[in-house]
Structures are given as structure tokens and as C-alpha cells.
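Required output: the full structure, derived from the provided sequences and hints.
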Amino acid sequence: MEFDTAQIMTAGETMVAAASAFVVSYAFSILGAIVLIIAGYIVAGFVERSLAKTLGRMRSFDQTLCRFLSKTARYAVLILVGVTVLAQFGVQTASILAALGAAGLAIGLALQGTLQNVAAGIMLLVLKPFRVGEYVDAGGTAGTIVEIGLFATELKAIDGLYVLAPNSELWNKSVINYSRNKDRRNDLVIGIGYDDDIDLAQETMMSLAQNDERVLADPEPATFVSELGDNAVNVTLRYWTATPDWWQTRLDLTKAAKKAFDEKGISIPFPQRDLHLITAAAEVKTTAA
Numbered sequence: 329m330e331f332d333t334a335q336i337m338t339a340g341e342t343m344v345a346a347a348s349a350f351v352v353s354y355a356f357s358i359l360g361a362i363v364l365i366i367a368g369y370i371v372a373g374f375v376e377r378s379l380a381k382t383l384g385r386m387r388s389f390d391q392t393l394c395r396f397l398s399k400t401a402r403y404a405v406l407i408l409v410g411v412t413v414l415a416q417f418g419v420q421t422a423s424i425l426a427a428l429g430a431a432g433l434a435i436g437l438a439l440q441g442t443l444q445n446v447a448a449g450i451m452l453l454v455l456k457p458f459r460v461g462e463y464v465d466a467g468g469t470a471g472t473i474v475e476i477g478l479f480a481t482e483l484k485a486i487d488g489l490y491v492l493a494p495n496s497e498l499w500n501k502s503v504i505n506y507s508r509n510k511d512r513r514n515d516l517v518i519g520i521g522y523d524d525d526i527d528l529a530q531e532t533m534m535s536l537a538q539n540d541e542r543v544l545a546d547p548e549p550a551t552f553v554s555e556l557g558d559n560a561v562n563v564t565l566r567y568w569t570a571t572p573d574w575w576q577t578r579l580d581l582t583k584a585a586k587k588a589f590d591e592k593g594i595s596i597p598f599p600q601r602d603l604h605l606i607t608a609a610a611e612v613k614t615t616a617a
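All the letters of the sequence shown, read from the start, carry residue numbers 329 to 617 under this note's numbering.
Worth flagging that the hints you see were computed from the coordinates, not collected in a lab. Careful, some of the hints might be misleading.
What the hints assert, rightly or not - For each label pair, taking beta carbons as the anchor points, the in silico distance ranges come out as:
| no. | residue 1 | residue 2 | range |
| --- | --- | --- | --- |
| 1 | Glu531 | Met451 | 49 to 55 Å |
| 2 | Pro599 | Leu383 | 55 to 61 Å |
| 3 | Arg395 | Val553 | 52 to 58 Å |
| 4 | Leu408 | Asn509 | 43 to 49 Å |
| 5 | Gly521 | Ala545 | 27 to 33 Å |
| 6 | Asn500 | Asp546 | 33 to 39 Å |
| 7 | Leu414 | Val491 | 43 to 49 Å |
| 8 | Met451 | Asp525 | 53 to 59 Å |
| 9 | Thr607 | Ser502 | 56 to 62 Å |
| 10 | Ala470 | Thr607 | 52 to 58 Å |
| 11 | Leu408 | Met343 | 35 to 41 Å |
| 12 | Arg395 | Asp590 | 57 to 63 Å |
| 13 | Leu443 | Met343 | 47 to 53 Å |
| 14 | Gly593 | Pro457 | 45 to 51 Å |
Unchecked claim - Straight-line distance between alpha carbons at most 30 Å, and here's what the computed BS3-like set of lysine-lysine pairs gives:
| no. | residue 1 | residue 2 |
| --- | --- | --- |
| 15 | Lys510 | Lys484 |
| 16 | Lys399 | Lys456 |
| 17 | Lys583 | Lys484 |
| 18 | Lys510 | Lys456 |
| 19 | Lys456 | Lys381 |
| 20 | Lys510 | Lys583 |
| 21 | Lys501 | Lys456 |
| 22 | Lys484 | Lys501 |
| 23 | Lys510 | Lys586 |
| 24 | Lys381 | Lys399 |
| 25 | Lys484 | Lys456 |
A virtual CB, placed ideally from N, CA and C, is assigned to each residue, including glycine.
Spelled out as C-alpha cells, the structure:
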């Protein structure tokens, strides 16, 4: 029994000595790790707030991208702090970085489509081919932009339907922005009969444009004969308006032109076909000859 007690006491003393040596050896490492963690959280928060504040001052910089970049900077600082803390205890950081790289590669392959949308979302937010409130058409996806996110863009179609388009689809297509430029041209084409007065039709259409305040004086409106069609002579009124007035001006001028042509006796003909009948007598004569 005495032998067993002595062994236990010896083992206990050995453990205490080892623990004491461990504490003495790693006391500064533990203290340094605690200081690094506290300082890292403070610095990460400072970097996030500073970057968000700096980018927020730029009026042309999108707020969604601002939040994304500031959060990314914060997590980058925290990851750097974590690797540094592990290095304090003798952990090989090279293997950790390699493992993080492999994990990142695996996640990237698994989320390839999602990351593609994120990359496209960043490009859309930076280059700004469209903004919230603008009406666009990107490869058949058309509507008014409601929100541009990192993964997808929300649109409202012209008939009020909700449209959610992946950013990669919008980025890889040609975008027609109907709202970006302040002025927009329209060609109002109306066909008149071949027996009608072309000059009178042109004067009538020009008068309508000049009397409409929404039609811009510069560039100056113009009228011309654009085509000699199968059924009518097409007379074109070319004019410019402010972009917000384009659609309603087109509708109003089309209606006003119809009324003005009716008052002045200018016809707008229906599609016509000329039929040539060959009599039986003519066929017999042709056969005999």
C-alpha cells in the first residue's frame, strides 16, 4: 500500500510539474493570443466602419456593393487574426492556409453558378448599365428595375408581373436601357393614299409637332416620304422628346394626326389588291394563236 501511495504522489507531482512548465511556457502565448483576438475584433470593426463610411461618401457607389465590400474586409481581418493566433501556439499556418485554399476551391466548384451570379452582380453594381427605376430589356428580360442584388435583380414587367433574373443572365446579354438618355427620338409613320396631296400631309404632321410643347426644337422635327408601299405612300414625322414624355407623346400625336387628316380629306387607305381577270374568250384566242 505504501508503495502504491508513493507512486501516486510521484505521478501527481510529475503532472503538476508538467502543467506548471506548460503554463510557464505558454503563458505569454496565451496572453498574446487573447490580446490578438481582442485587438483583431476592434481592428476588424474599425476597418468595416471606415470602408463603409469612405465608400458611402461616393454618390456613384452602390450601397449594396458598399456593404458587401465592408463585410468582406471585416472577415478577411478576422481570418488573418485567427491564423496569427494559431501560429502563436506553434501550429503550422502553411498547412492551415493550404486547407483553407482547398476548402475554398471545393466550395467554389460546388457553388459555381452562385458565385458566377455574385461576380456578375458586382460588375453590374460597378459599371451600372442600369439603375433602380430604369426600364431595360436584356435579351428578352424586360421591365423596370426594382432592386439590384448580389445574386439576382428584381424587375417589374410592363404588365405588372414580378420578374427575378439571375445576374449572370443579365450580364451576359446586350442591355437596352430605355431610360438612361434624357432625350429619345421617334418616327411616326402614317400611310396616305397615292391620290392624296403629299405636301399637305407633310405640312399637317409638321404643324402637329411644332404645336406640341413636348416635342423638342433641337434637334428640329422633320417630315419626309419614307416609302412607296404596296397600299400607301408612307409619310414619316421624325421628332425628339424628353425620355419620360416619349410614350404619351407618340400616342397623342398618332391620334391628332388621324383627326387632322380626316379634317383635310387626307385618306389612310386599307390594304388593297388589284385583280386582273382573263375572260374565256381571251384564253381561246390565245390557244388558237
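>> Of all the hints numbered above, which does this structure not satisfy? Sort the numbers upward.
In response: When the structure is compared with the hints, none of them turns out to be violated.
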